[in-house]
Amino acid sequence: MVTVNWFIWLSLTLFMIGVFGFLTRRSIIMMFLSIEVMLNAVNLSLVSFSYFLNDLRGHILVFFIVAVAAAEAAIGLAILIALFRNRQTAQVDQITEMKG
Amino acid sequence: MPEIFRTQLMVVLPETLLAVFAMAVVLLDLVIRKKSVLAGISIAGAAAVFYSLFYTQGFAFNHMFVADGYGIFFKFIFLVSLVLAVLLSNKYLSVEGVNHGEYYGLMLFATVGMMVMASASDLITVYLGLELMSLSVYVLAGFIRHSARSSEAALKYFMLGAFASAFLLLGISLTYGLTGTTSIGGVASYLQLHGLAKNPVLILATILYVVAFGFKIAAVPFHMWAPDVYEGAPTPITAFMSVGPKAAGFAVIGRVLLVALGSMSFEWSTLLIVLSILSMAAGNILAIAQTNIKRMLAYSSIAHAGYALLGVIAFSPEGLASMMNYLLIYAFMNIGAFTVVTILRTEGMKAEELSDYEGLSKTHPLLAALMLIFMFSLTGIPPTAGFIGKFYLFTAAIKAGYTWLTVVAVLMSAISAYFYLRVVMYMYMKEPAKQLEMAKSYGARFALLLTGLAVLVIGILPAGLIDMARAAIIDFGS
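Those protein sequences? They're chains Y and G, same order as listed. Going by this note's numbering, the residue at position 16 of the first sequence is 16; the numbering climbs one at a time, nothing skipped. If you count the second sequence from 1, you need to add 1000 to reach this note's numbering.
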């Protein structure tokens, strides 16, 4: 019998993979991808909660998250392109104009 | 008029109106060459929205959105910071060579997002408002496209903001899985009914909320983005986002932690005490080492988030009212200080280093006097508003039994005097080294007048404001 716990552990594992990727990767594109993995891990948990609770709110929130994540990706890539035009790099260790 | 207009759409009238103004500004940008007209339309929009706030009351959209006194007070703070930041912007943007109309549209959209956050009575609405605000502010932070520092600020803000909102979502998801609802009132009554206060999943969710909101209010240890972003972003946007998104974060903290997780108050207040002490200590101590005034004000804003958290930790109506009171006062004094920085930015001069302020009292006595008032107010010296704000916060914390925490806060604000008064020392006790010019901007001068007056008037006659805040939270959480 597949219980809700299976999905939640899967979702938490995916989320931690995302967190780990975000913290260890140095390429901004890979960091974006890690954030997407985290968001989709949350989506998975919301959908499974929604299914096991017989309630639609989780599904609704997932649609919102998908839409917002698309907007977020568009804005993030736009910012990255603006930065790339100024600095010719997409590695976070080289973006050190300001520190302290 | 159909029933739905009266009962539902009237409640979201301010947000709808501001969103309409935002879209109108973006469209009018195509036909209007003179961008100051767009600034005028934005301010007119803010005035109309302010007027419409008085006509909203009650719940809308199946209890996902609520217009109560608490939300309306916060919306007032957002509109104040919007108007002041718009007043600063026009001249600054032409100096930087990025006077585009989208700027005002994005600012209005960010304010709509904050207003939705302040009025959210469902976790879904919290998330949507937060994202609308954040996505607009990310773009605004990188608005000077040809500047590497501005783009870098936007990227850092974006990366950490998106990372934090994933934590918020996981918290929402766990709360939803546990209680079967996302409504803030529903979560509160479910937790009370089933006595889930010690549930480990709920504790995890509480931690995730504190992390996510800690990022938004720039509390230590989630503050890493703030100094870089404040330094790199256009100065009017720095002024705007040091007040607006921070106040919006506090508004949501009030809704989610105080109401939805009210039965978990021991857990989150323990976390917030740590955050508050760390913010006050790190903010004030690191600010001492700064030579760039925007960066110094960034660390100061981290410290101020620490003070304002005292009002949340107190977990009493008095604490909540003093927190709201403080955030409004903070809007005036902080934007005032940034106005001085903005007004000194001219074609030939950046005027962001502390040494640029040497001898300002000789060259621009009135400007120096106003900067003195703002610095005194940020330190918390009477008779300025900053003193009143801190006074009510500390009183509320002591009444709630956190005397030792208040002592820490007072000690930390004594440290803060060092770097605030250093600016005053540079202005008044040194000879002018460079010839600074004031930008010829009537908007910025008007903003200076407004903020200076507000800081003094609230400092001398504080009773009206705190009474307003107390009256605003009478129906809070019902």
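No lab work stands behind these hints, which were simulated from the structure alone. Here the structure is a predicted model, which is why all the values come from computation and not from measurement. C-beta atoms are modelled at their ideal positions from N, C-alpha and C, and glycine is treated no differently. Certain hints may be false.
Below are the DMTMM-like pairs computed for lysine to aspartate or glutamate, each with C-alpha atoms no more than 25 Å apart in a straight line [to be verified]:
{"no.": "1", "chain 1": "Y", "residue 1": "Lys-99", "chain 2": "G", "residue 2": "Glu-1353"}
{"no.": "2", "chain 1": "G", "residue 1": "Lys-1350", "chain 2": "Y", "residue 2": "Glu-97"}
{"no.": "3", "chain 1": "Y", "residue 1": "Lys-99", "chain 2": "G", "residue 2": "Glu-1352"}
{"no.": "4", "chain 1": "Y", "residue 1": "Lys-99", "chain 2": "G", "residue 2": "Asp-1475"}
{"no.": "5", "chain 1": "G", "residue 1": "Lys-1362", "chain 2": "G", "residue 2": "Glu-1347"}
{"no.": "6", "chain 1": "G", "residue 1": "Lys-1399", "chain 2": "G", "residue 2": "Asp-1475"}
{"no.": "7", "chain 1": "G", "residue 1": "Lys-1440", "chain 2": "G", "residue 2": "Asp-1356"}
{"no.": "8", "chain 1": "Y", "residue 1": "Lys-99", "chain 2": "G", "residue 2": "Glu-1096"}
Sample of chain G residues facing chain Y (criterion: CB under 7 Å; computed from the structure) [claimed, not checked]:
{"no.": "9", "residue": "Glu-1131"}
{"no.": "10", "residue": "Tyr-1138"}
{"no.": "11", "residue": "Gly-1142"}
{"no.": "12", "residue": "Ala-1166"}
{"no.": "13", "residue": "Gly-1180"}
{"no.": "14", "residue": "Gly-1186"}
{"no.": "15", "residue": "Ser-1189"}
{"no.": "16", "residue": "Val-1424"}
Inset, instruction - Identify every previously stated hint that the structure contradicts and give their numbers, smallest first. - result: 4, 14, 15 and 16
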